[in-house]
Amino acid sequence: MVNESSSKILTSTNMNPRVRKAEYAVRGELAIKSEKLKADLAHGVSLPFKRIVPCNIGNPQILDQKPITFFRQVTSLVEYPDLLKDENAEITSKLYPSDAIARAKLLTKNVGSVGAYSHSQGIPHIRENVAKFIAERDGYPADPSMIYLTQGASAGVQLTLQMIVEHSNVGIMIPIPQYPLYTATLAILDAKPVPYYLDESKGWGLTVEELQRSYDEAAKNGVETRALVIINPGNPTGQCLTEENMREIIEFSKKNRVVLLADEVYQTNIYQPDQRPFHSFKEVLKSMGPSYEGFELISFHSISKGMVGECGRRGGYFELEGMDKSIIEQIYKVSSIGLCPNVQGQIMVDLMVNPPKKGEPSYAQYQKEYDDIYQSLIKRAKKLENTFNSLEGCTCNPADGAMYLFPQIRLSKNAIAAAKEAGKTPDEFYSMAMLEATGVCVVAGSGFGQVDGTAHFRSTFLPQPELFDDFCGLIKKFHEDFMNKYRD
Amino acid sequence: MLAKIVHSKNMNANIRKAEYAVRGELAIRSEELKNQLAKGEKLPFSRVVGCNIGNPQALDQKPITFFRQVASLVEYPELLKDENAEVASKLYPSDAIARAKLLLKNIGSVGAYSHSQGIPHIRENVAKFISERDGYPADPSKIFLTQGASAGVQLTLQMIVENNKVGIMIPIPQYPLYTATLAVLDANPVPYYLDESKGWGLTTRELQRSYDEAAKLGVETRALVIINPGNPTGQCLTIENMREIVEFCHKNRIILLADEVYQTNIYQPKDRPFHSFKKVLKSMGPKYEGFEMISYHSISKGMIGECGRRGGYFECEGLDESILEQIYKISSISLCPNVQGQIMVDLMVNPPKKGDPSYEQYKKEYDDIYYSLIKRASILEDTFNSLEGCTCNSADGAMYLFPQIRLPKKAIEAAKAAGKEPDQFYCMAMLESTGVCMVAGSGFGQVEGTAHFRSTFLPQPELFDEFCSGIKNFHADFMNKYRD
Chain H
15 MVNESSSKIL
25 TSTNMNPRVR
35 KAEYAVRGEL
45 AIKSEKLKAD
55 LAHGVSLPFK
65 RIVPCNIGNP
75 QILDQKPITF
85 FRQVTSLVEY
95 PDLLKDENAE
105 ITSKLYPSDA
115 IARAKLLTKN
125 VGSVGAYSHS
135 QGIPHIRENV
145 AKFIAERDGY
155 PADPSMIYLT
165 QGASAGVQLT
175 LQMIVEHSNV
185 GIMIPIPQYP
195 LYTATLAILD
205 AKPVPYYLDE
215 SKGWGLTVEE
225 LQRSYDEAAK
235 NGVETRALVI
245 INPGNPTGQC
255 LTEENMREII
265 EFSKKNRVVL
275 LADEVYQTNI
285 YQPDQRPFHS
295 FKEVLKSMGP
305 SYEGFELISF
315 HSISKGMVGE
325 CGRRGGYFEL
335 EGMDKSIIEQ
345 IYKVSSIGLC
355 PNVQGQIMVD
365 LMVNPPKKGE
375 PSYAQYQKEY
385 DDIYQSLIKR
395 AKKLENTFNS
405 LEGCTCNPAD
415 GAMYLFPQIR
425 LSKNAIAAAK
435 EAGKTPDEFY
445 SMAMLEATGV
455 CVVAGSGFGQ
465 VDGTAHFRST
475 FLPQPELFDD
485 FCGLIKKFHE
495 DFMNKYRD
Chain U
4 MLAKIVHSKN
14 MNANIRKAEY
24 AVRGELAIRS
34 EELKNQLAKG
44 EKLPFSRVVG
54 CNIGNPQALD
64 QKPITFFRQV
74 ASLVEYPELL
84 KDENAEVASK
94 LYPSDAIARA
104 KLLLKNIGSV
114 GAYSHSQGIP
124 HIRENVAKFI
134 SERDGYPADP
144 SKIFLTQGAS
154 AGVQLTLQMI
164 VENNKVGIMI
174 PIPQYPLYTA
184 TLAVLDANPV
194 PYYLDESKGW
204 GLTTRELQRS
214 YDEAAKLGVE
224 TRALVIINPG
234 NPTGQCLTIE
244 NMREIVEFCH
254 KNRIILLADE
264 VYQTNIYQPK
274 DRPFHSFKKV
284 LKSMGPKYEG
294 FEMISYHSIS
304 KGMIGECGRR
314 GGYFECEGLD
324 ESILEQIYKI
334 SSISLCPNVQ
344 GQIMVDLMVN
354 PPKKGDPSYE
364 QYKKEYDDIY
374 YSLIKRASIL
384 EDTFNSLEGC
394 TCNSADGAMY
404 LFPQIRLPKK
414 AIEAAKAAGK
424 EPDQFYCMAM
434 LESTGVCMVA
444 GSGFGQVEGT
454 AHFRSTFLPQ
464 PELFDEFCSG
474 IKNFHADFMN
484 KYRD
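Protein chains in written order, with my numbering: chain H, 15 to 502; chain U, 4 to 487.
None of these hints come from the bench; they were simulated from the model. Any given hint could be a false lead.
What the hints assert, rightly or not - Okay, derived cross-link-like pairs now, DSSO-like style, lysine-lysine, Cα gap no bigger than 30 Å in a straight line:
| no. | chain 1 | residue 1 | chain 2 | residue 2 |
| --- | --- | --- | --- | --- |
| 1 | U | Lys145 | H | Lys438 |
| 2 | U | Lys108 | H | Lys52 |
| 3 | U | Lys104 | H | Lys50 |
| 4 | U | Lys84 | U | Lys366 |
| 5 | U | Lys45 | H | Lys119 |
| 6 | U | Lys219 | U | Lys201 |
| 7 | H | Lys80 | H | Lys52 |
| 8 | U | Lys20 | U | Lys145 |
| 9 | H | Lys347 | U | Lys37 |
| 10 | H | Lys397 | H | Lys382 |
| 11 | U | Lys367 | H | Lys119 |
| 12 | H | Lys206 | U | Lys357 |
| 13 | H | Lys108 | U | Lys84 |
| 14 | U | Lys201 | H | Lys99 |
| 15 | U | Lys168 | H | Lys119 |
| 16 | U | Lys332 | H | Lys22 |
| 17 | H | Lys372 | H | Lys438 |
| 18 | U | Lys332 | H | Lys47 |
| 19 | U | Lys201 | U | Lys282 |
| 20 | H | Lys99 | H | Lys80 |
| 21 | U | Lys282 | U | Lys219 |
| 22 | H | Lys52 | H | Lys393 |
| 23 | H | Lys397 | H | Lys491 |
| 24 | U | Lys20 | H | Lys339 |
| 25 | U | Lys412 | U | Lys131 |
| 26 | H | Lys35 | U | Lys168 |
Unchecked claim - Reference excerpt, derived from the structure (chain U facing chain H, CB under 7 Å, subset only):
| no. | residue |
| --- | --- |
| 27 | Asn58 |
| 28 | Glu86 |
| 29 | Met162 |
| 30 | Arg313 |
Heads up, the beta-carbon is just placed ideally off N, CA and C, and yes, glycines get one too.
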């Protein structure tokens with residue numbers, strides 16, 4: 015390290031090298047550029063488009079998706095408990111329905127103040143409700159003491175991976191393509207990603223043969239694979255697993271002694287509920303009977319997705335199944351260092367798992383808001399899928415679930431050469447051109463992993479319904495111009 | 004039953020090593036006792052009193068009304084619609100409504116991921132606050148909003164710790180977030196001792212001794228953590244002391260990490276006012292241009308006490324551009340700090356001003372809490388100093404007292420037999436007989452052979468005398484029981 019008095023103490027050459035290695039494309043170069051262009055527009059700079067359309071991230075409420083009214087009524091009430099006092103009852107009842115008031119009172123009773131640190135594992139009352147939700151969803155009991163509330167599923171993923179990664183030869187199996195929280199976290203932990211490929215030609219299907227190939231190849235290289243990450247429904251790929259497939263995955267995990275990490279944050283974004291309903295891994299595991307007693311599984315959920323879309327609140331949970339008692343104690347200890355997840359995030363978890371029920375005053379409105387968002391997502395997913403499939407050289411699998419489409423683009427040699435010259439992968443080059451021409455910000459496929467030599471990008475289908483046709487039109491026109499510009 | 008794949012022997016060893024006493028064994032036991040009381044079991048006490056953690060609102064400290072009004076309004080924007088204006092104005096003052104409207108205009112929805120560095124409007128307000136506090140400008144692009152100061156400390160330490168030769172200087176006693184984080188990062192704590200006989204004072208001689216000793220062992224010390232006001236010790240640094248510290252860092256090429264979360268918990272404002280390290284640095288002139296420093300603040304402490312919201316920020320000074328990009332990148336992996344936490348930062352740095360409708364109420368609430376803290380700090384300090392073999396420095400700042408206890412040989416032996424440190428043994432006995440939960444001094448670090456414990460002075464004013472006499476009785480019984 016150079017020791018001149020005028021030079022920096024901390025530089026990119028002597029910082030933590032694992033942190034330096036980590037990448038997170040979702041808010042990487044393209045997103046940073048889109049922020050800059052947004053600021054330019056705000057300063058009156060003339061650009062080929064009027065607005066930035068952020069399709070890089072599953073962030074519905076930034077694209078005007080309305081929050082669930084009942085949820086916001088409850089959170090508003092718990093913020094300011096004066097509203098719940100008898101002397102204000104008359105006025106409050108003009109603004110809030112009775113069931114929101116009752117829920118706020120119940121939560122305040124069990125939580126105390128939203129401004130106090132809670133139990134590090136999460137408020138017991140809320141964990142009990144999460145356990146009830148899981149038991150009702152699956153038909154098998156859940157234990158509140160095995161549930162940890164977290165600041166989004168991301169925080170839970172990072173905590174549990176950190177626990178498992180003993181040293182730099184530990185491998186964690188991840189899907190290709192995957193949500194880059196996983197590769198970024200493994201880079202920081204200096205663990206080995208053990209990639210298994212989803213098959214684009216088979217609707218992003220997953221085979222046990224491929225899992226085994228991936229595991230065996232890693233083993234040949236001296237990697238000790240300890241866990242398998244499954245994202246179901248998939249991100250960026252949106253496929254939902256069949257029960258059969260899930261049983262095979264559990265059998266694979268048992269046979270090879272890997273912990274199953276089930277990222278299920280999109281479990282309510284299910285667009286083919288008859289053909290491909292959601293099954294939790296917990297449910298499938300329990301249905302496989304006593305020879306799987308002690309099977310180690312961690313399941314993750316979040317308030318950021320589904321129809322709830324409360325991303326900015328940072329709430330979620332993970333459920334432990336079959337974990338060693340000493341590990342559970344360690345998980346508690348690490349949670350306690352960060353003190354507790356934010357209490358409003360915990361409250362939103364409670365609302366998500368325990369929404370208004372039939373017969374309650376807010377039920378009809380809740381059901382309508384939920385269904386409207388759901389139907390709108392299905393509609394927009396289809397429109398955008400059709401748009402992508404209409405583009406020259408572009409194919410796109412439908413979204414069974416989640417919030418994204420991940421089309422494959424086949425670019426001309428000229429385009430690929432231009433990308434190389436610009437120091438970018440072909441899909442980064444294409445996506446940057448799209449941003450600069452249309453204001454639409456997607457994420458290049460190279461940020462998620464893909465079969466060598468292919469190019470993709472991930473787009474949400476969240477832009478506002480009233481602007482959606484414009485949005486699709488922009489993409490069509492851009493693609494045509496791009497393909498013409500670089501035609502061989 | 005399938006054999007375990009992941010267990011304590013093959014988990015991440017650094018995590019296994021880490022300890023965090025504030026919510027460790029004593030706190031876990033206090034939760035058990037609380038559950039027993041809730042089930043109607045008979046114990047020697049009627050309630051558990053959590054003095055282990057600076058968590059004022061769990062002990063009935065009221066939140067600042069204006070802040071909660073704004074937070075409530077931004078949750079449910081219907082309240083801000085014209086058609087509800089008449090009814091809303093019966094429940095919310097006009098300045099709360101105006102602030103909520105302004106915030107939503109700049110944020111959109113509290114349910115949307117924000118900018119990973121924090122909402123620009125709020126960072127601008129933080130920069131304004133810093134420059135008004137210090138008299139020197141602050142740059143919003145150098146400010147990162149975080150989920151509590153803890154998250155910022157963990158992020159920046161992770162950035163700095165290149166390998167396991169890296170050392171980070173920490174005070175003894177210190178807030179164990181630091182030792183826990185360094186354990187997880189497999190970095191070397193480089194301890195410097197605060198002097199209990201001199202009001203927990205800090206000398207550069209001691210800093211240099213600590214640095215040199217680490218260097219002899221091959222440790223590459225990269226940063227110095229200063230907690231000002233101190234935790235658990237509560238002392239406030241003088242400007243002179245702070246200049247020496249800056250000079251020490253400059254000379255030894257160390258980054259200064261200034262944990263200033265208690266900057267408004269200042270109980271001797273005339274003798275020991277708060278000065279930020281940023282201000283002191285800037286006042287030292289151009290020789291220190293490019294000096295590398297990170298300063299941390301939080302919404303959890305002060306008179307605000309919004310711990311459960313998880314909000315705070317850090318300000319970077321003099322850091323390399325590439326490091327700022329890396330900090331941004333790491334922040335982006337977790338997407339963003341929770342938006343309500345960011346909003347509370349805005350309210351903290353930009354409260355009602357003179358002339359605003361809510362100003363009087365804000366000022367009164369703020370002052371009531373402030374004077375109550377001073378009063379309770381003093382009562383508890385006197386209580387500790389009245390105990391046999393116990394001495395306690397006064398709290399210039401923060402929320403804690405850290406008395407030293409001198410236990411009889413029999414007690415020390417009993418502790419050893421129970422496999423505990425003497426102060427852990429003492430604290431466990433206190434918990435089991437009074438329901439009062441402290442944190443043993445061994446959890447913070449202390450001069451070898453000494454014993455301490457940390458207590459907040461946050462129990463409710465109306466229960467405070469009972470709380471103090473409970474401690475007095477326990478201590479007398481304990482000393483008698485183990486009298487040599």
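Verification of the hints:
Taking the CA atoms of lysine 145 of chain U and lysine 438 of chain H, the gap is about 29 Å. The hint holds against a cut of 30 Å. Between lysine 108 of chain U and lysine 52 of chain H the alpha-carbon distance is near 16 Å, which keeps this suggested pair within the 30 Å criterion. Of the supplied pair hints, the one linking lysine 104 of chain U and lysine 50 of chain H holds, its CA atoms being roughly 25 Å apart against a limit of 30 Å. Between lysine 84 of chain U and lysine 366 of chain U the alpha-carbon distance is near 29 Å, which keeps this suggested pair within the 30 Å criterion.
In summary, the hint linking lysine 45 of chain U to lysine 119 of chain H is supported, as the alpha carbons are separated by about 29 Å, within the 30 Å threshold. Taking the CA atoms of lysine 219 of chain U and lysine 201 of chain U, the gap is about 28 Å. The hint holds against a cut of 30 Å. Among the hinted pairs, lysine 80 of chain H with lysine 52 of chain H is consistent with the structure: their alpha-carbon atoms are about 23 Å apart, no more than 30 Å. Simply put, lysine 20 of chain U and lysine 145 of chain U have alpha-carbon atoms about 34 Å apart, too far for the 30 Å limit, and the pair is violated.
Only pairs whose Cα atoms come within 30 Å are accepted, and lysine 347 of chain H paired with lysine 37 of chain U is accepted, the gap being roughly 19 Å. Under the criterion of a C-alpha separation no larger than 30 Å, the hint pairing lysine 397 of chain H with lysine 382 of chain H is consistent with the structure, at around 22 Å. About 27 Å separates the Cα atoms of lysine 367 of chain U and lysine 119 of chain H, which keeps this hinted pair within 30 Å; it holds. Between lysine 206 of chain H and lysine 357 of chain U the CA atoms are separated by roughly 58 Å; this puts the pair beyond 30 Å, and the hint is violated.
As the CA atoms of lysine 108 of chain H and lysine 84 of chain U are separated by approximately 14 Å, the hinted pair is consistent with the 30 Å bound. For a cut-off of 30 Å, the pair hint linking lysine 201 of chain U to lysine 99 of chain H is broken: about 50 Å separates their Cα positions. For the hint pairing lysine 168 of chain U with lysine 119 of chain H, the CA-to-CA distance comes to about 53 Å; that exceeds 30 Å, so the pair is violated. A threshold of 30 Å between alpha carbons decides the hint, and for lysine 332 of chain U with lysine 22 of chain H the separation of about 20 Å falls inside it, so the pair holds.
With a C-alpha separation of about 54 Å, the suggested pair lysine 372 of chain H and lysine 438 of chain H falls outside the 30 Å cut-off, and the hint is violated. Restraint check for lysine 332 of chain U and lysine 47 of chain H: satisfied, since their Cα atoms lie roughly 14 Å apart, inside the 30 Å limit. Distance restraint check for lysine 201 of chain U and lysine 282 of chain U: the Cα-Cα separation of roughly 25 Å lies within the 30 Å cut-off, and the hinted pair is therefore satisfied. For the given pair, lysine 99 of chain H sits about 28 Å from lysine 80 of chain H by alpha-carbon distance, which is consistent with the 30 Å threshold.
Between lysine 282 of chain U and lysine 219 of chain U the alpha-carbon distance is near 33 Å, which puts this suggested pair outside the 30 Å criterion. Between the alpha carbons of lysine 52 of chain H and lysine 393 of chain H the distance comes to roughly 28 Å, so the proposed pair stays at or under 30 Å and holds. Restraint check: the Cα-Cα separation between lysine 397 of chain H and lysine 491 of chain H comes to about 16 Å, which is no more than 30 Å; the hinted pair holds. The hinted pair formed by lysine 20 of chain U and lysine 339 of chain H meets the criterion: a straight-line CA distance of about 17 Å does not exceed 30 Å.
A distance of roughly 56 Å separates the Cα atoms of lysine 412 of chain U and lysine 131 of chain U; the hinted pair therefore is violated under the 30 Å criterion. Taking the CA atoms of lysine 35 of chain H and lysine 168 of chain U, the gap is near 20 Å; set against the 30 Å cutoff, the hint holds. A least Cβ separation of about 5 Å between asparagine 58 of chain U and chain H falls short of the 7 Å threshold, and the interface hint therefore holds. The restraint placing glutamate 86 of chain U at the interface with chain H is violated, with a minimum CB-CB distance near 11 Å, outside the 7 Å limit.
This hint holds: methionine 162 of chain U has a C-beta 6 Å from the nearest C-beta of chain H, less than the 7 Å allowed. Look at arginine 313 of chain U: its Cβ gets to within about 4 Å of chain H, closer than 7 Å, so that hint holds up.
Of the numbered hints listed earlier, those contradicted by the structure are 8, 12, 14, 15, 17, 21, 25 and 28.
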